[in-house]
Amino acid sequence: MNTDKIIADIKIFIEKNLLSSDIKIDESTDLKQAGIDSFSTVEIILFIERKFGVSIPDEKLLPENFKTISSLSKIVLEQLAQ
Amino acid sequence: MQFFDNTIFPKKVFLTGADCFHLVLDKHAQKNKIGGNVMRKAFYFKENLCKEEVLTILNKSAILYWLCNIEFVPGFLLRKPYWKFLDKSQQIELTIHNEIEIKKIPQSILNRDITINAKKYIEADIVYYNNNTCAFVLSWNHILLDASGTILLVEHINQIINNEKIVTSNFFPTKEPKTNIYKYIKNMYEVKSFVQKSSKAPVSSVYKICQNPTKETKTQIINFNISDTVLINENALKCGARFGPTLFFIAVCMHTINEVQKQRNCESDIWLPVPYDARLAGAKAPIITNNVSFLFYRITQKELGNIAQTIAQLNKQMVHQIKIGMPKKYNIFLNMMRHIPLWLYYFLISKTGEGTFASFLYSSTGSKFEGLQFLFKKEIEDILMIPALTFPPGLTFVFLNNAQKCSINISYATDIIAPHEFHFIENKLKELLLTKNL
Numbered sequence: 000m001n002t003d004k005i006i007a008d009i010k011i012f013i014e015k016n017l018l019s020s021d022i023k024i025d026e027s028t029d030l031k032q033a034g035i036d037s038f039s040t041v042e043i044i045l046f047i048e049r050k051f052g053v054s055i056p057d058e059k060l061l062p063e064n065f066k067t068i069s070s071l072s073k074i075v076l077e078q079l080a081q
Numbered sequence: 000m001q002f003f004d005n006t007i008f009p010k011k012v013f014l015t016g017a018d019c020f021h022l023v024l025d026k027h028a029q030k031n032k033i034g035g036n037v038m039r040k041a042f043y044f045k046e047n048l049c050k051e052e053v054l055t056i057l058n059k060s061a062i063l064y065w066l067c068n069i070e071f072v073p074g075f076l077l078r079k080p081y082w083k084f085l086d087k088s089q090q091i092e093l094t095i096h097n098e099i100e101i102k103k104i105p106q107s108i109l110n111r112d113i114t115i116n117a118k119k120y121i122e123a124d125i126v127y128y129n130n131n132t133c134a135f136v137l138s139w140n141h142i143l144l145d146a147s148g149t150i151l152l153v154e155h156i157n158q159i160i161n162n163e164k165i166v167t168s169n170f171f172p173t174k175e176p177k178t179n180i181y182k183y184i185k186n187m188y189e190v191k192s193f194v195q196k197s198s199k200a201p202v203s204s205v206y207k208i209c210q211n212p213t214k215e216t217k218t219q220i221i222n223f224n225i226s227d228t229v230l231i232n233e234n235a236l237k238c239g240a241r242f243g244p245t246l247f248f249i250a251v252c253m254h255t256i257n258e259v260q261k262q263r264n265c266e267s268d269i270w271l272p273v274p275y276d277a278r279l280a281g282a283k284a285p286i287i288t289n290n291v292s293f294l295f296y297r298i299t300q301k302e303l304g305n306i307a308q309t310i311a312q313l314n315k316q317m318v319h320q321i322k323i324g325m326p327k328k329y330n331i332f333l334n335m336m337r338h339i340p341l342w343l344y345y346f347l348i349s350k351t352g353e354g355t356f357a358s359f360l361y362s363s364t365g366s367k368f369e370g371l372q373f374l375f376k377k378e379i380e381d382i383l384m385i386p387a388l389t390f391p392p393g394l395t396f397v398f399l400n401n402a403q404k405c406s407i408n409i410s411y412a413t414d415i416i417a418p419h420e421f422h423f424i425e426n427k428l429k430e431l432l433l434t435k436n437l
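Chains A and B, in that order, are what the protein sequence lines are. Just so we're aligned: the first sequence equals residues 0 to 81 in numbering that gives the first Met the number 0. Just so we're aligned: the second sequence equals residues 0 to 437 in numbering that gives the first Met the number 0.
In case anyone wonders, no lab produced these hints; they're calculated from the structure. As the structure is a prediction and not an experimental result, all values here were calculated from the model. Keep in mind that the hints are not guaranteed to be accurate.
Claimed, not checked - Here are the simulated DSS-like cross-link-like pairs (lysine-lysine), alpha carbons at most 30 Å apart as the crow flies:
1. B:K207 to B:K185
2. B:K32 to B:K191
3. B:K322 to A:K23
4. B:K283 to A:K23
5. B:K50 to B:K217
6. B:K327 to A:K10
7. B:K301 to B:K315
8. B:K404 to A:K59
9. B:K404 to A:K23
10. A:K15 to B:K328
11. A:K10 to B:K191
12. A:K15 to B:K185
13. B:K327 to A:K59
14. A:K31 to B:K404
15. B:K283 to B:K237
16. A:K31 to B:K429
17. A:K15 to B:K182
18. B:K30 to B:K207
19. B:K435 to A:K66
20. B:K237 to A:K73
21. B:K196 to A:K10
22. B:K199 to B:K315
23. B:K30 to B:K196
24. B:K327 to A:K66
25. A:K4 to B:K177
26. B:K10 to B:K327
27. B:K174 to B:K83
28. B:K118 to B:K10
29. B:K315 to B:K237
30. B:K315 to A:K59
31. B:K327 to B:K177
32. B:K315 to A:K31
33. B:K199 to B:K32
34. B:K435 to B:K404
35. B:K322 to A:K15
36. B:K217 to B:K118
37. B:K217 to B:K26
38. B:K83 to B:K11
39. A:K31 to B:K174
Put together the whole structure using the sequences plus the hints.
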């Protein structure tokens with residue numbers, strides 16, 4: 000699994016399920032600024048765990064790790080590598 | 000006189016499931032003659048607003064015009080209740096008040112009840128203070144729009160001021176997808192069983208039966224400065240609120256109320272339905288209707304040992320409910336309830352939690368004012384939200400965030416919270432939120 004694929008999957012999930020259709024995001028968009036709240040963040044984490052078969056440990060559940068799709072993808076890659 | 004092109008207005012707008020829930024609360028408030036279903040938002044300015052200029056801007060708003068020209072049509076048999084647009088050429092009223100006490104909202108505004116039977120469901124006021132500052136106050140019946148809808152409404156007013164393009168399709172909800180009747184019934188049993196289990200007795204509630212009630216209500220505000228707010232957010236994270244401070248706020252309120260209940264010798268499990276904005280992230284629509292769903296939290300005495308422990312439990316319950324899709328299921332359930340007569344809906348709801356609705360009420364759905372700095376081209380100094388006070392339980396906490404500063408607006412019935420208890424609540428909230436060296 001490469002970074003581009005992880006980024007694309009997370010982006011599709013967010014756009015399709017959580018974001019208003021007129022909001023455009025890319026891998027470096029600040030998700031909080033785009034309107035993603037705590038509730039939506041939980042939905043993203045549950046999606047990641049389901050889609051990539053990884054479990055994000057509590058110590059990785061930090062605001063800086065959910066800031067962008069890029070930072071989320073890094074966490075996924077780290078967990079996949081373990 | 001023709002004010003707007005009427006083709007932009009739908010003749011009929013059905014109430015959402017959450018609107019109908021507020022219809023029940025409106026009935027409840029009228030029955031108890033205490034509290035109410037009116038929301039009020041005050042925007043404070045460091046300089047005076049000109050009444051004529053404000054009125055000219057408000058009268059340019061098509062959505063305010065629609066709001067001033069509708070009539071409520073109740074449901075009948077299986078037909079859903081709806082708002083009917085009547086082009087009566089009514090415009091919003093803007094009333095002027097003069098107040099000596101700075102930032103005080105005059106009692107005449109607070110006493111104005113806007114029920115479902117009112118001629119207009121939204122009203123505006125300007126309060127002028129002696130030091131050349133003022134407040135613009137909007138009051139509306141909660142059945143019409145929710146806290147996030149108000150933010151969108153204020154952004155819409157700013158769009159008029161800035162001559163930006165107005166997207167009228169943002170005003171109203173889009174057509175609902177049809178739901179299969181079997182799915183409705185299956186969903187109803189699932190939600191009913193979840194909520195009943197979550198709210199089952201014994202549940203501790205601040206509500207208490209009073210002899211000779213005065214039926215007086217009050218709203219008090221606790222303001223925090225920027226450095227306090229930074230500390231609060233740091234504390235939230237340290238206590239395990241990893242997805243934002245909301246669960247920290249809820250835990251702090253639960254601990255505070257549990258202490259009050261201990262003083263009354265009636266502590267038990269805390270049960271709290273918490274609304275959240277169900278619009279898609281970043282959505283500019285719809286302005287009209289309530290678009291909220293709920294998460295339900297039940298915290299036992301054992302889980303009230305310390306704040307971190309409570310947050311861990313709240314987090315677990317939140318993740319579980321999102322995993323099983325309960326908020327979406329609850330919305331479908333609320334939508335289904337629109338088809339039943341109001342008296343039956345009221346009967347069913349008032350049975351939940353032995354008629355107390357909740358241990359107390361909490362909301363932070365209106366906290367998205369971060370980006371709002373100007374209104375009527377004047378800098379907003381402060382924002383106050385006076386929530387609709389549901390009685391029972393008779394105590395509502397509203398957490399707001401404006402200009403990087405957190406504030407708590409607390410509405411309560413004085414028959415429920417005694418002066419010494421309010422003093423305790425205020426101090427306990429501050430102590431728990433601002434604890435150093437966690």
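Against the structure, the hints:
1. B:K207 to B:K185: violated, 36 Å
2. B:K32 to B:K191: Judged against 30 Å, a Cα distance of about 29 Å means the pair holds.
3. B:K322 to A:K23: holds, 26 Å
4. B:K283 to A:K23: Satisfied, since the Cα-Cα distance of roughly 14 Å is no more than 30 Å.
5. B:K50 to B:K217: Holds, because 28 Å separates the two Cα atoms, which is no more than 30 Å.
6. B:K327 to A:K10: OK: K327 (chain B) and K10 (chain A) at ~22 Å, within 30 Å.
7. B:K301 to B:K315: holds, 15 Å
8. B:K404 to A:K59: holds, 27 Å
9. B:K404 to A:K23: Holds: K404 (chain B) and K23 (chain A) sit about 29 Å apart, inside 30 Å.
10. A:K15 to B:K328: Distance of about 19 Å is within 30 Å: holds.
11. A:K10 to B:K191: Roughly 35 Å separates the two Cα atoms, so the pair is violated.
12. A:K15 to B:K185: Holds: K15 (chain A) and K185 (chain B) sit about 26 Å apart, inside 30 Å.
13. B:K327 to A:K59: Given that 30 Å is the threshold and the Cα spacing comes to 28 Å, the pair holds.
14. A:K31 to B:K404: Distance of about 17 Å is within 30 Å: holds.
15. B:K283 to B:K237: violated, 33 Å
16. A:K31 to B:K429: holds, 27 Å
17. A:K15 to B:K182: holds, 23 Å
18. B:K30 to B:K207: holds, 17 Å
19. B:K435 to A:K66: holds, 26 Å
20. B:K237 to A:K73: holds, 23 Å
21. B:K196 to A:K10: Violated, because 37 Å separates the two Cα atoms, which is more than 30 Å.
22. B:K199 to B:K315: OK: K199 (chain B) and K315 (chain B) at ~19 Å, within 30 Å.
23. B:K30 to B:K196: Given pair K30 (chain B), K196 (chain B) holds - Cα atoms ~27 Å apart, limit 30 Å.
24. B:K327 to A:K66: OK: K327 (chain B) and K66 (chain A) at ~25 Å, within 30 Å.
25. A:K4 to B:K177: This hinted pair is violated, its Cα atoms lying about 35 Å apart.
26. B:K10 to B:K327: holds, 28 Å
27. B:K174 to B:K83: holds, 16 Å
28. B:K118 to B:K10: This hinted pair holds, its Cα atoms lying about 18 Å apart.
29. B:K315 to B:K237: holds, 17 Å
30. B:K315 to A:K59: holds, 17 Å
31. B:K327 to B:K177: Since the Cα atoms of K327 (chain B) and K177 (chain B) sit roughly 15 Å apart, the hinted pair holds (cutoff 30 Å).
32. B:K315 to A:K31: holds, 22 Å
33. B:K199 to B:K32: Given pair K199 (chain B), K32 (chain B) holds - Cα atoms ~27 Å apart, limit 30 Å.
34. B:K435 to B:K404: Holds, because 18 Å separates the two Cα atoms, which is no more than 30 Å.
35. B:K322 to A:K15: The hint holds at about 18 Å.
36. B:K217 to B:K118: Holds, because 26 Å separates the two Cα atoms, which is no more than 30 Å.
37. B:K217 to B:K26: Holds, at roughly 21 Å.
38. B:K83 to B:K11: holds, 5 Å
39. A:K31 to B:K174: OK: K31 (chain A) and K174 (chain B) at ~28 Å, within 30 Å.
Hint violations for this structure: numbers 1, 11, 15, 21, 25, all remaining hints satisfied.
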